[in-house]
Amino acid sequence: VGFLLLLLLSVGVSAVEVQRPRGVPLSKRQFYEEGKPFTCLDGSRNIPFDRVNDDYCDCQDGSDEPGTAACPNGSFHCTNAGFRPTFIPSSRINDGICDCCDTTDEYNSGATCQNTCRELGRKERESLQKMAEIAKEGFLLKQQLIHEAKMGLEDKKAKLGDVQGSKKDMEAKVEALRTVKESAEQPEREAKERHLKAWEGKLRFKSISPSTVCNEHDITGSLVSFKLNIKYCLILISNADTPAPEETSREEINEPVSDNESDQYPDDDIPEDEDDDDEEDEDDDRDEHDYKIPPTARTEEKKDDDEGAMPPYDQETQNLIDGKNAFKTENLEKEISFDFGPSSEFAYLYSQCYELTTSEYIYRLCPFNRVTQKSKFGGSETNLGSWGKWAGPEDSIYSVMKYEHGTGCWQGPSRSTTVKLTCGKETVVMSTSEPSRCEYLMEFTSPAVCQEPPSLEISSHEHQEL
Amino acid sequence: VASKCDCTLKLMFLSFGTWAVDKGNFKTCEQSAFCKRQRALKPGESPYRALLETMELTNTRLTLQLINDNNKVRLLLELYRLQGNITRVKINELKPLKPRYEVPDVLIREPTTEPLSVLSQDENGVVLSLGVESQRVIISARPFRLDIMEGSDVLMSLNSRGLLAFEHLRMQKVEDGMWEETFKSHTDSKPNGPSAVSLDFSLPGVEHVYGIPEHADTLRLKTTDNGDPYRLYNLDVFQYELYNPMALYGSVPVMVAHSAQRTTGIFWLNAAETWVDISSNTGSSETPQTDVRWISESGIIDVFIMLGPTPKDVFSQYASLTGTQSFPPLASLGYHQCRWNYNDQEDVKSVDAGFDEHDIPYDFIWLDIEHTDGKRYFTWDPHKFATPKEMLQGLMDKKRKMVAIVDPHIKVDSNYKIHNEIRTLGFYVKNKDGGDYEGWCWPGSASYPDFTRADMRAWWASMFAYDQYEGTMENLYTWNDMNEPSVFNGPEVTMHKDAMHGSWEHRDIHNLYGLYVQMATAEGLIQRSGGVERPFVLTRAFFAGSQRIGAVWTGDNAAEWDHLKISIPMCLSMGLVGISFCGADIGGFFKSPSTELLVRWYQAGAYQPFYRAHAHLDTPRREPWLFGPENTALIREAVRQRYTFLPYWYQLFYRAHVTGEPVMRPLWVEYPQDLATFALEDEYLIGRDLLVHPVVEEGARGVTAYLPGKDEVWFDVHTFQKHNGAQNLYIPVTMSSIPVFQRGGSIIPRKLRVRRSSTCMEHDPYTLYVALNLQRTADGELYIDDGHTFNYEKKEFIYRKLTFANKVLSSVNLAPDAKFTTDSWIERIIVLGASKPSKVTLKTADGQEKQLEFDFDASMSVLTVRKPGMNAGADWTVTFQ
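Read top to bottom, the protein sequences are chains A and B. Read in order, the letters of the first sequence correspond to residues 1 to 466 in UniProt numbering. Read in order, the letters of the second sequence correspond to residues 1 to 881 in UniProt numbering.
Source of the hints: derived by calculation from the structure; they are not laboratory data. Please read all numbers here as calculations on a predicted model, not as lab measurements. Yeah, the Cβ is synthetic: ideal placement off N, Cα and C, and Gly gets one too. A portion of the hints provided could be inaccurate.
Cut-off 20 Å, straight-line C-alpha distance, at most; resulting in silico cross-link-like pairs (EDC-like, lysine to aspartate or glutamate) [what the hints assert, rightly or not]:
| id | chain 1 | residue 1 | chain 2 | residue 2 |
| --- | --- | --- | --- | --- |
| 1 | B | Lys591 | A | Glu434 |
| 2 | B | Lys867 | A | Glu434 |
| 3 | B | Lys349 | A | Asp61 |
If you want the footprint, here are the derived chain B segments under chain A, 3+ residues with CB under 8 Å [as the list claims (entries may be wrong)]:
| id | region |
| --- | --- |
| 4 | 395–405 |
| 5 | 510–523 |
| 6 | 619–632 |
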C-alpha cells in the first residue's frame, strides 16, 4: 500500500496523465478517440472503440491491442517517466517479468515490479555526463595527437626525401658494398654455423617436448633459429611420431615469437635481427616526440623477447649482420603508407603495444601490427592476427580494427581479432573475449576516437511525455 | 559435447581434414570373435532337441529341457504367457558353471503371467494354447523349434532355421578367439571364455521391419546378407557415417515387424554386444518372409514376443514391460540453445539478451564441459562462472532455465571431492586386476563410477542436492554425455570388456551403463526437489527402458543436408521402441552449416520432439540472429510456430506417458494397411493429427508430400488450403515454407500468444483449430496441468475431450475425478472446412447462453469465432446454426 501511495503521489506531483488507451504513445493518441469507431492503423478495418484493448486481436497490424498481449505483432509503449520512453513487444505485457521501468507492462500478472525509472534516469544522466567529460578531454587530447602526427609525418617525409635524394649515392655504395658483403658473408656463415652447433649441443641436454618447440607459431624470429627449431622439431617428431608442423611461409618465419625455454638470456642482451633493427628506427622516431599519453599498460614493442632463442652472436657475426641491415628504407615508406585516420590521429599507436592480463592469459595489442596471447603460466605466444584493415561500419570506419591471419586453429579458421575502439582519455585494452572459436574481440579505448562533444546540456526525456 | 577425437595427437592428425568416421576404430562382425563364430553357422538342422519328458507346466510357466546332441549340454527353456498378448521365451544353461547375467532394472516389474494349457501332445511335440483367440504355440521336439500360430497362420517361428546357439561356460582350453581377443592395441582377456547366445526368428508375411536403434540408417531396416549385421553396442563414434549398420551411442534391442495384416515385435533383453542379421525372400515368388537372427556375446536368451496385432497394441505391450515415456516438464518441449561452449556468465547473459532483442522465444540455455573447473563435474570454473547462482537467478527472472553437463567420467585427482568419495566408497568400476579402472577422457585420467550398483546410484543422486552441488538452483537441469561410456584410449573408444562391475564383467552390462547414469541423475533431480519436480535429463547413451527417464539426442551429427534428412528416420526408429523424446542437434554439431541449411534445420526441428541447437567448439558462432535480418526472421518464425503448438506437444507427451505411443510416428502407424506409407521417412505424423514434410533439400523449389487416407482431407496449417487424402501432393516451397498439415477430423489446441519462454505463456488463452472431415466431424483433446511437478499423479490436471458433431462443438471432462484450475480461456475457435452459420451460440455449464460473433472466409471455408471466452477447464458447447 505504501508503495502504491508513493507511486500515486509521485505521478500526482510530477505530471498529469493524458487520457489515452493503455500502451498508446502520445504521438498516436489522436487515432484512439474514445467513443468513436477505431480504424486499424493499417486502415484494414473499423471496429467499435470498445474493442480497443479488449484482449482480442481484431487488427492485422495489432494496433487495436496496444495494451494487451492479444496481438502477436503488437507493441506496447511505456512512458517511463524519469527515464527513456520505449516500446516493448506486446508479448511482454503481463508475462510476469518487469520490462518497463515504470512497471506499466505488468498491470495484471501479479508480478511485483518496482518503479526504477528515476534511478535509471539518474544513472543514465550520470553516465552520459561522465562520457561527455571523457569525450571532452579526449577530444582535446586528440587535437594534440593530430598535431603531433602531422609534425611526425612531415619529419618522416623529409627523412624519406633525404634518403631518396641520396638514393643514387646509396645505390653506388650498395653496389660497392655488395662485393664487400659477399666476401664478408663467408665468415658470417661460418660463424653462424659454429654458433648453431654450440647451441644445439646445449639444447640436447634439455628436455623439450615437441609440442612446445614444434608448434607452427613457435618459430623464432631469426632465420637461423628457425632452422634450428625446424631441425630440432624434426628430430623430436621422428622420435615422438608426431606430425610435422605445417609448411611455414616467409612471413611466419619472420614473425618473432617467444619461446620461454630458458631465462638465461635477458631480453636486453638479445641481438636484433632484421625486424628489430627497423624498430630501433621507430623507437627513435617516437622518442623525438612526447605524446604525453599516460603510459598505462603501454609497453615498448619487443619482438625479440625470445627467451629461448639462440644466444647472441659474437660481435663479429653481429657486426656483419648489422652491416647488412643498414640500407633499409622500406620501413619509413611503410609507416607513411598506413591509414592512421582522417587526421592521422591514430599514428601515435604505431609501434606501441598494450597489454591486458586476464586470469589465464596476457593479451597484447600492437596496433597496426598484431595481437598476441600468451599464457600466464608459460608456454609460447599465439598470434591472434596481424593488422588487416579498418572495419567499422560505413559511418564510423575508424571505430573497428581487424587483425587477421593469425595462427591457424585445428579444423578451424586462422585466428583473427576484432578490436572495437571507444573514446577514452587513456589508451587501454579494456577487455578481451573469444566469442567464437579463434575469433577474438578486444575492447580498446583511445582519445583518437573521441568525437567533439555536443556543447548542449545533457537532456533527459523526463518531461517529454508528461 | 561430445566426443571428439581420439585423444592422442597422432590420431587427431590422422583424422584431420576428413569428415567421415574412421571405420578402422570400430569392429566389423568379422573382427568381433563371437560374431564371426556365430555368423559362420549356416541355417540347417538344429542340433537341439526338446526333451518332452522333462516338460513341467505350472500356472505361470512351462519349462522344458533342450539338449544339444553334438555336445550333450542341456539348456532350460522357460515359456511364459504374459498379460497383453506377449509370449516370453527364456533359455539358459540348465547347469551353468557359474550364473549367467540376466538384465535387471529394465523391466518395470515382474510381468504378470497368464495360464497356459496343453491342447495336445505326442512324441513329436506339444501344442499349447495361448489363451487368446485361436493362438497356439507348437513346440517341436526334433529338432527343437517353436511356432506361434493364430488359426492356420504362422505368426512367428523360433529356431526354424536352426540357428539357436548357446556357448556354454566351460573350463579353459585354448581355442582361437575364445579365451583372448585382440583388437588394435587392446587385448580382451575373456576369463570366462566363449559365452555367446544366438537365436533365429522367421516372420512369414513380413516384408518390413523397423527399430533396433541406434543406427544412422533408413527407417525400414535393410537386409544384411551382403554386409555386416546391425550392431548394438553403445559407442562414442567420432563423426559417424550415414546409411550403414554400425553401432552408435545407444541400443534398444527391440524390432517391430509390420505388414498390412499385423504388427508384431521382438524384444531381445540382453545388454551385451549384440548383432542383428536380417534377410528376406522379397523378390521371390514365395510368400514374403523376413528372417531375423540375434547374436549376443554373453548373458542368456530372454526374448519377449509381442503379438500385436495392431501397431498400438505392440506399443502398449512393450510399454507394459519397460514402461512409458517420462512426462517431461512443459518447458523442455520449448526451444533449447546450446553450444560447446558458452564461454562465461557474461556470454550467457548476452546470448540471453540476444533472444529478447530479436524477439525469439527460448526456454533453456546450455553449458557444455568448459563450464566446469577443469572438467570436474559438479563444479564451476571459478573465473568464468564465478557466481553461478547470480547467473541462474538472472535466467529465472526471465522464467528461463539452464542445463549444465555432468558426465560419468570422474577426474582422478586427490583434490577433487567427488573422486575422493567415490574412491573411498569403492564405487568405481574395477579393472580385471581389481584396481579402480582408469581411462582417458576429457579431464585426462578418469575413473568411472559403477552405476550398476544401486548404492552408487543413490550416492550419485544425493550429489545433486542443492547443498552438495554448489551454485545450483531449481532452474538448473542436467545433461549426461559420454555415458556409453566413452573412454578415449579404450577399445573402440569405450570400456574394456573385462572391467568388473562387482562380479559381472563389463561385457555383460555394457549397453546398460548409459541408462543407469541417466537414471541416477534424474533421481538426483527428483530428490533435490523433495520429490515434487519432474526432472529433465538429456542422455546420449540409452537402452530399453531409457524412455522412462528423459530425453535422448542423436549425438554428434554434422552440418550436412544428409544429416538433417537422417534425423527423421533416426527419431522415428526410437519412437517405435518407446523413446519419444528425441531430437538431433539443430544446425549439425560438427562443421558449419550454410545459412540455408541452418534455417531449414530450425524449421524441421520445430516439428521434432526435442528441439535443441548445438555446435562444436571449433565452429563459428551461430545464434539465430547472426545471419542477417531475413534469416533471423525465418528462424524466429520457425521457433514461434513451435511455441504455438506447445499445448499439442504437451498433451501428446502426456498420452505417450500414459500409453507408450510414440509422439513422432511413421505414417504406417496410423495407416497400417496403406502400403505406400511403409517405407516413408521424409515425412511423419506428430500424434495422429499433424503431418509434417519438412524441406530437407538444398535449393528446394517444392516437395512432394504423400497425404494418406482415401476418405480423408488435410488442411495446410498455414494457408488452411484443403487437400484430399491418398494423393501425392506437390507443394511449391520458398525459404519460409514448412509443409505441415492438420488432419480433417481433428481438433488441435494452440496458444498463439508466443512469449519469450513457455513458462511466460502458462496462463494464456487457447485457440482451437477444428478441422472438419468429410463427415463434418472432428475430435481432439486438451490436457492442462502445472507443467512441471508430479502433482498430475495426484490427479491435479484438466483432461478434456473436444468433439465437433452435428454442428455442435463441445468440451467434455475425460477425467472427472481429477481437479485442477486454470486461468486459461478459449479466445478463438477456427473451423476449417466450415460452412457459414447464421448464428453461433455458446452455452456454458450454468445454462447461460451467449451469441458469439464470427467471421467467415467463404473462399477458404474458414470460420473464425471471436472471443468465446469460456474457461479452458469448463464444460461448454458451441452451436453453429
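Please flag the earlier hints that this structure goes against, numbers listed from lowest up.
-> When the structure is compared with the hints, numbers 2, 3 and 5 turn out to be violated.
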